[in-house]
Amino acid sequence: TVHYRNARYGRYGSLQPRGVAMLLTAAQSQIFNPKGLVSDADLASLPADYHAILAPSSMSRVMLCPASAQASLRCPIQPQSVPAYRGSLLHEFVVDMYLNKTKIDGYLGNYTHATDGIEYKVTVDDMEQVKECVRHLMLLERTYGKENIWLEQSGSLAAFGIPFIHGTADVVVRVGKTLFIIDWKFGTGVQVFVHEHGTPNPQLMNYALMHMGNVEEVNLRIVQPPHFYDETTTITADELRAWFKDYFRPV
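Residue numbers 6 to 256, in the numbering used here, belong to the letters of the sequence shown in order.
Since the hints were made in silico from the structure, they are not lab data. You may find that some hints are simply not true.
[What the hints assert, rightly or not] Simulated pairs of lysine to any residue, SDA-like, Cα-Cα distance not exceeding 20 Å: (1) 136 - 112; (2) 108 - 96; (3) 136 - 234; (4) 106 - 128; (5) 106 - 87; (6) 106 - 152; (7) 106 - 156; (8) 126 - 87; (9) 108 - 86; (10) 136 - 97; (11) 182 - 222; (12) 151 - 180; (13) 126 - 94; (14) 108 - 143; (15) 108 - 137; (16) 136 - 116; (17) 126 - 116; (18) 136 - 90; (19) 126 - 93; (20) 108 - 128; (21) 108 - 91; (22) 108 - 87; (23) 136 - 93; (24) 136 - 232; (25) 126 - 86; (26) 250 - 222; (27) 126 - 140; (28) 250 - 166; (29) 250 - 161; (30) 126 - 110; (31) 106 - 133; (32) 108 - 139; (33) 126 - 107; (34) 136 - 105; (35) 250 - 126.
Here the structure is a predicted model, which means the values were calculated and not measured.
With the hints as extra help, turn the sequences into a complete structure.
Now the structure itself:
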(Lines of atoms letter the chains of each structure in order from A and count residues from 1; the text may use other names and numbers.)
(Lines give C-alpha, C1' and ligand atoms only; values in the text may rest on other atoms or scores of the structure.)
Protein backbone atom coordinates (compact mmCIF):
# COMPACT_ATOMS: atom_id res chain seq x y z
CA THR A 1 0.00 0.00 0.00
CA VAL A 2 1.28 3.44 -0.94
CA HIS A 3 0.24 6.26 1.36
CA TYR A 4 -0.54 9.64 -0.10
CA ARG A 5 -1.86 13.01 1.07
CA ASN A 6 -4.67 14.69 -0.80
CA ALA A 7 -3.45 18.28 -0.60
CA ARG A 8 -6.77 19.81 -1.67
CA TYR A 9 -8.82 18.10 1.01
CA GLY A 10 -6.20 17.75 3.71
CA ARG A 11 -6.79 14.04 4.39
CA TYR A 12 -4.60 10.99 4.26
CA GLY A 13 -5.51 7.84 2.35
CA SER A 14 -3.99 4.85 0.62
CA LEU A 15 -3.41 3.97 -2.99
CA GLN A 16 -3.66 0.42 -4.22
CA PRO A 17 -0.97 -0.19 -6.86
CA ARG A 18 -2.56 -1.11 -10.17
CA GLY A 19 -0.64 -4.38 -10.42
CA VAL A 20 -1.99 -5.54 -7.05
CA ALA A 21 -5.65 -4.54 -7.26
CA MET A 22 -7.13 -2.00 -9.64
CA LEU A 23 -10.66 -2.27 -8.30
CA LEU A 24 -11.74 -2.73 -4.71
CA THR A 25 -13.46 -5.98 -3.83
CA ALA A 26 -17.03 -5.89 -2.54
CA ALA A 27 -15.76 -6.34 1.01
CA GLN A 28 -13.27 -3.51 0.67
CA SER A 29 -15.93 -1.26 -0.82
CA GLN A 30 -18.07 -1.77 2.26
CA ILE A 31 -15.15 -0.71 4.44
CA PHE A 32 -14.25 2.42 2.48
CA ASN A 33 -17.68 3.14 1.07
CA PRO A 34 -20.33 1.81 3.47
CA LYS A 35 -23.18 3.80 1.93
CA GLY A 36 -22.54 2.60 -1.59
CA LEU A 37 -21.49 4.48 -4.68
CA VAL A 38 -22.59 8.04 -5.25
CA SER A 39 -25.60 8.16 -7.56
CA ASP A 40 -25.83 10.33 -10.67
CA ALA A 41 -28.44 12.43 -8.87
CA ASP A 42 -26.10 12.97 -5.92
CA LEU A 43 -23.28 13.99 -8.26
CA ALA A 44 -25.54 16.43 -10.09
CA SER A 45 -26.46 18.13 -6.81
CA LEU A 46 -22.88 18.60 -5.58
CA PRO A 47 -21.48 22.12 -5.22
CA ALA A 48 -19.36 23.26 -8.17
CA ASP A 49 -16.20 23.11 -6.05
CA TYR A 50 -16.55 19.34 -5.75
CA HIS A 51 -15.86 18.98 -9.47
CA ALA A 52 -12.21 18.43 -8.54
CA ILE A 53 -13.07 15.03 -7.04
CA LEU A 54 -13.74 13.58 -10.48
CA ALA A 55 -11.85 16.09 -12.59
CA PRO A 56 -9.35 14.78 -15.17
CA SER A 57 -6.52 16.11 -12.98
CA SER A 58 -7.69 13.77 -10.18
CA MET A 59 -7.95 10.66 -12.32
CA SER A 60 -4.49 9.31 -11.55
CA ARG A 61 -5.56 8.96 -7.92
CA VAL A 62 -9.07 7.75 -8.70
CA MET A 63 -7.79 5.08 -11.10
CA LEU A 64 -5.49 3.71 -8.41
CA CYS A 65 -8.02 3.99 -5.57
CA PRO A 66 -11.64 4.35 -6.76
CA ALA A 67 -12.94 4.60 -3.19
CA SER A 68 -10.99 7.84 -2.71
CA ALA A 69 -13.62 9.71 -4.75
CA GLN A 70 -16.39 8.73 -2.33
CA ALA A 71 -14.14 9.44 0.66
CA SER A 72 -13.44 12.94 -0.65
CA LEU A 73 -17.14 13.78 -0.38
CA ARG A 74 -16.80 13.68 3.40
CA CYS A 75 -13.87 16.11 3.43
CA PRO A 76 -14.25 19.89 3.75
CA ILE A 77 -13.32 22.03 0.78
CA GLN A 78 -10.00 23.75 1.42
CA PRO A 79 -9.05 27.24 0.22
CA GLN A 80 -6.88 27.41 -2.86
CA SER A 81 -3.17 27.08 -2.09
CA VAL A 82 -0.48 29.52 -3.20
CA PRO A 83 1.11 26.97 -5.62
CA ALA A 84 -2.31 26.30 -7.17
CA TYR A 85 -2.95 30.04 -7.55
CA ARG A 86 0.47 30.47 -9.13
CA GLY A 87 -0.29 27.69 -11.59
CA SER A 88 -3.62 29.27 -12.54
CA LEU A 89 -1.97 32.64 -13.11
CA LEU A 90 0.77 31.22 -15.31
CA HIS A 91 -1.74 29.27 -17.38
CA GLU A 92 -3.66 32.50 -17.99
CA PHE A 93 -0.45 34.32 -18.91
CA VAL A 94 0.47 31.70 -21.51
CA VAL A 95 -2.78 32.36 -23.38
CA ASP A 96 -2.51 36.14 -23.02
CA MET A 97 1.14 36.33 -24.07
CA TYR A 98 0.53 34.10 -27.09
CA LEU A 99 -2.52 36.03 -28.29
CA ASN A 100 -1.46 39.57 -27.40
CA LYS A 101 2.34 39.34 -27.58
CA THR A 102 2.67 41.15 -24.24
CA LYS A 103 6.24 41.48 -22.93
CA ILE A 104 7.36 39.95 -19.63
CA ASP A 105 7.37 43.29 -17.79
CA GLY A 106 3.62 43.54 -18.29
CA TYR A 107 3.02 40.59 -15.95
CA LEU A 108 5.50 41.13 -13.13
CA GLY A 109 4.24 42.16 -9.71
CA ASN A 110 1.77 41.19 -7.00
CA TYR A 111 -1.55 39.45 -7.64
CA THR A 112 -4.38 38.71 -5.22
CA HIS A 113 -6.95 35.95 -5.62
CA ALA A 114 -10.42 37.54 -5.79
CA THR A 115 -12.10 34.91 -3.58
CA ASP A 116 -9.50 33.46 -1.21
CA GLY A 117 -7.35 36.57 -0.82
CA ILE A 118 -4.16 34.65 -1.63
CA GLU A 119 -1.26 36.81 -2.73
CA TYR A 120 1.51 35.86 -5.11
CA LYS A 121 4.35 37.87 -6.63
CA VAL A 122 5.05 36.91 -10.23
CA THR A 123 8.78 36.81 -10.93
CA VAL A 124 10.97 36.91 -14.02
CA ASP A 125 11.64 33.19 -13.53
CA ASP A 126 7.88 32.51 -13.60
CA MET A 127 7.56 34.40 -16.85
CA GLU A 128 10.51 32.61 -18.43
CA GLN A 129 8.55 29.40 -17.88
CA VAL A 130 5.52 31.01 -19.49
CA LYS A 131 7.66 32.10 -22.45
CA GLU A 132 8.83 28.51 -22.90
CA CYS A 133 5.21 27.40 -23.35
CA VAL A 134 4.51 30.30 -25.73
CA ARG A 135 7.51 29.24 -27.83
CA HIS A 136 5.95 25.79 -28.15
CA LEU A 137 2.70 27.39 -29.29
CA MET A 138 4.49 29.49 -31.88
CA LEU A 139 6.17 26.36 -33.27
CA LEU A 140 2.80 24.60 -33.41
CA GLU A 141 1.37 27.59 -35.25
CA ARG A 142 4.15 27.55 -37.85
CA THR A 143 3.79 23.78 -38.28
CA TYR A 144 0.02 23.27 -38.29
CA GLY A 145 -1.51 26.73 -38.68
CA LYS A 146 -3.13 28.95 -36.06
CA GLU A 147 -6.59 27.94 -37.28
CA ASN A 148 -5.99 24.39 -36.01
CA ILE A 149 -4.97 25.41 -32.47
CA TRP A 150 -7.52 25.79 -29.66
CA LEU A 151 -6.58 27.02 -26.19
CA GLU A 152 -8.37 26.33 -22.90
CA GLN A 153 -10.88 23.98 -24.49
CA SER A 154 -13.62 22.73 -22.16
CA GLY A 155 -15.22 19.35 -22.67
CA SER A 156 -16.91 16.43 -20.94
CA LEU A 157 -17.37 12.70 -21.28
CA ALA A 158 -21.10 13.09 -21.96
CA ALA A 159 -20.65 11.32 -25.31
CA PHE A 160 -19.38 8.32 -23.34
CA GLY A 161 -22.22 8.39 -20.83
CA ILE A 162 -20.32 10.19 -18.03
CA PRO A 163 -21.38 13.86 -18.23
CA PHE A 164 -20.24 14.70 -14.69
CA ILE A 165 -16.59 14.24 -15.69
CA HIS A 166 -15.52 17.43 -17.40
CA GLY A 167 -12.45 19.59 -17.65
CA THR A 168 -10.40 22.04 -19.69
CA ALA A 169 -7.47 21.06 -21.89
CA ASP A 170 -4.69 23.63 -22.15
CA VAL A 171 -4.05 23.03 -25.85
CA VAL A 172 -5.97 21.03 -28.46
CA VAL A 173 -4.63 20.72 -31.99
CA ARG A 174 -6.52 18.85 -34.68
CA VAL A 175 -4.96 18.24 -38.09
CA GLY A 176 -6.80 15.83 -40.37
CA LYS A 177 -7.13 12.51 -38.53
CA THR A 178 -4.57 13.44 -35.86
CA LEU A 179 -5.29 14.95 -32.45
CA PHE A 180 -2.74 16.65 -30.19
CA ILE A 181 -3.41 17.21 -26.48
CA ILE A 182 -0.88 19.36 -24.62
CA ASP A 183 -0.86 20.09 -20.90
CA TRP A 184 1.30 22.73 -19.21
CA LYS A 185 2.64 21.90 -15.75
CA PHE A 186 4.22 24.63 -13.63
CA GLY A 187 4.71 22.71 -10.37
CA THR A 188 8.23 22.99 -9.00
CA GLY A 189 7.91 20.02 -6.65
CA VAL A 190 6.32 16.87 -8.03
CA GLN A 191 7.21 16.05 -11.61
CA VAL A 192 4.34 14.81 -13.79
CA PHE A 193 5.07 12.27 -16.49
CA VAL A 194 3.30 11.47 -19.73
CA HIS A 195 3.30 7.80 -18.68
CA GLU A 196 2.06 6.55 -15.30
CA HIS A 197 2.18 2.92 -14.17
CA GLY A 198 2.76 1.69 -17.69
CA THR A 199 -0.09 3.60 -19.36
CA PRO A 200 -0.45 7.14 -20.73
CA ASN A 201 -1.34 9.82 -18.18
CA PRO A 202 -5.08 9.45 -17.29
CA GLN A 203 -5.61 13.22 -17.25
CA LEU A 204 -4.49 13.53 -20.86
CA MET A 205 -6.43 10.41 -21.85
CA ASN A 206 -9.57 12.07 -20.46
CA TYR A 207 -8.95 15.22 -22.48
CA ALA A 208 -8.36 13.14 -25.60
CA LEU A 209 -11.68 11.36 -25.12
CA MET A 210 -13.45 14.70 -24.74
CA HIS A 211 -12.04 16.06 -28.00
CA MET A 212 -11.26 13.02 -30.14
CA GLY A 213 -14.08 13.20 -32.69
CA ASN A 214 -13.25 11.21 -35.83
CA VAL A 215 -9.49 10.85 -35.43
CA GLU A 216 -7.18 7.90 -35.90
CA GLU A 217 -4.05 9.02 -34.02
CA VAL A 218 -3.71 10.78 -30.66
CA ASN A 219 -0.57 12.55 -29.42
CA LEU A 220 -0.39 13.27 -25.70
CA ARG A 221 2.21 15.73 -24.46
CA ILE A 222 3.24 17.22 -21.12
CA VAL A 223 5.49 20.26 -20.87
CA GLN A 224 6.75 21.07 -17.36
CA PRO A 225 9.28 23.93 -17.62
CA PRO A 226 10.44 23.88 -13.95
CA HIS A 227 11.73 20.34 -14.52
CA PHE A 228 12.88 20.93 -18.12
CA TYR A 229 10.47 18.17 -19.07
CA ASP A 230 8.82 17.80 -22.47
CA GLU A 231 7.62 14.40 -23.61
CA THR A 232 5.04 13.07 -26.04
CA THR A 233 3.46 9.66 -26.42
CA THR A 234 1.36 8.53 -29.36
CA ILE A 235 -1.55 6.08 -29.32
CA THR A 236 -4.25 5.12 -31.78
CA ALA A 237 -7.89 6.06 -31.37
CA ASP A 238 -8.70 2.36 -31.01
CA GLU A 239 -6.23 2.06 -28.13
CA LEU A 240 -7.83 5.07 -26.46
CA ARG A 241 -11.31 3.55 -26.77
CA ALA A 242 -10.04 0.21 -25.45
CA TRP A 243 -8.48 1.94 -22.43
CA PHE A 244 -11.78 3.65 -21.72
CA LYS A 245 -13.77 0.42 -22.02
CA ASP A 246 -11.43 -1.93 -20.18
CA TYR A 247 -9.91 0.30 -17.51
CA PHE A 248 -11.50 3.69 -17.09
CA ARG A 249 -15.21 2.92 -17.38
CA PRO A 250 -15.13 0.10 -14.76
CA VAL A 251 -13.42 2.44 -12.27
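Structure-based check of each hint:
1. 136 - 112: holds, 12 Å
2. 108 - 96: holds, 16 Å
3. 136 - 234: holds, 15 Å
4. 106 - 128: Given pair residue 106, residue 128 holds - Cα atoms ~18 Å apart, limit 20 Å.
5. 106 - 87: violated, 26 Å
6. 106 - 152: holds, 17 Å
7. 106 - 156: holds, 15 Å
8. 126 - 87: holds, 10 Å
9. 108 - 86: Measuring from Cα to Cα gives roughly 27 Å; hence the hint is violated.
10. 136 - 97: Answer holds: residue 136 to residue 97 is near 12 Å, not above 20 Å.
11. 182 - 222: Given pair residue 182, residue 222 holds - Cα atoms ~6 Å apart, limit 20 Å.
12. 151 - 180: This hinted pair holds, its Cα atoms lying about 11 Å apart.
13. 126 - 94: holds, 10 Å
14. 108 - 143: Distance ~15 Å between residue 108 and residue 143 Cα, so the pair holds.
15. 108 - 137: holds, 13 Å
16. 136 - 116: Distance of about 19 Å is within 20 Å: holds.
17. 126 - 116: Given pair residue 126, residue 116 holds - Cα atoms ~6 Å apart, limit 20 Å.
18. 136 - 90: Judged against 20 Å, a Cα distance of about 18 Å means the pair holds.
19. 126 - 93: Within the cut-off at roughly 13 Å; holds.
20. 108 - 128: It holds: about 13 Å lies between the C-alpha atoms, which stays within 20 Å.
21. 108 - 91: holds, 19 Å
22. 108 - 87: violated, 24 Å
23. 136 - 93: holds, 15 Å
24. 136 - 232: holds, 15 Å
25. 126 - 86: holds, 14 Å
26. 250 - 222: Distance of about 18 Å is within 20 Å: holds.
27. 126 - 140: violated, 23 Å
28. 250 - 166: Holds, at roughly 12 Å.
29. 250 - 161: With Cα atoms ~16 Å apart, residue 250 and residue 161 stay inside 20 Å; holds.
30. 126 - 110: With a Cα-Cα distance of about 13 Å, the restraint between residue 126 and residue 110 holds, given a limit of 20 Å.
31. 106 - 133: holds, 14 Å
32. 108 - 139: Status holds; Cα separation ~12 Å.
33. 126 - 107: Distance ~18 Å between residue 126 and residue 107 Cα, so the pair holds.
34. 136 - 105: holds, 13 Å
35. 250 - 126: Roughly 44 Å between the alpha carbons, so the hint for residue 250 and residue 126 is violated.
This entry does not satisfy hints 5, 9, 22, 27 and 35, going by the numbered hints stated previously.
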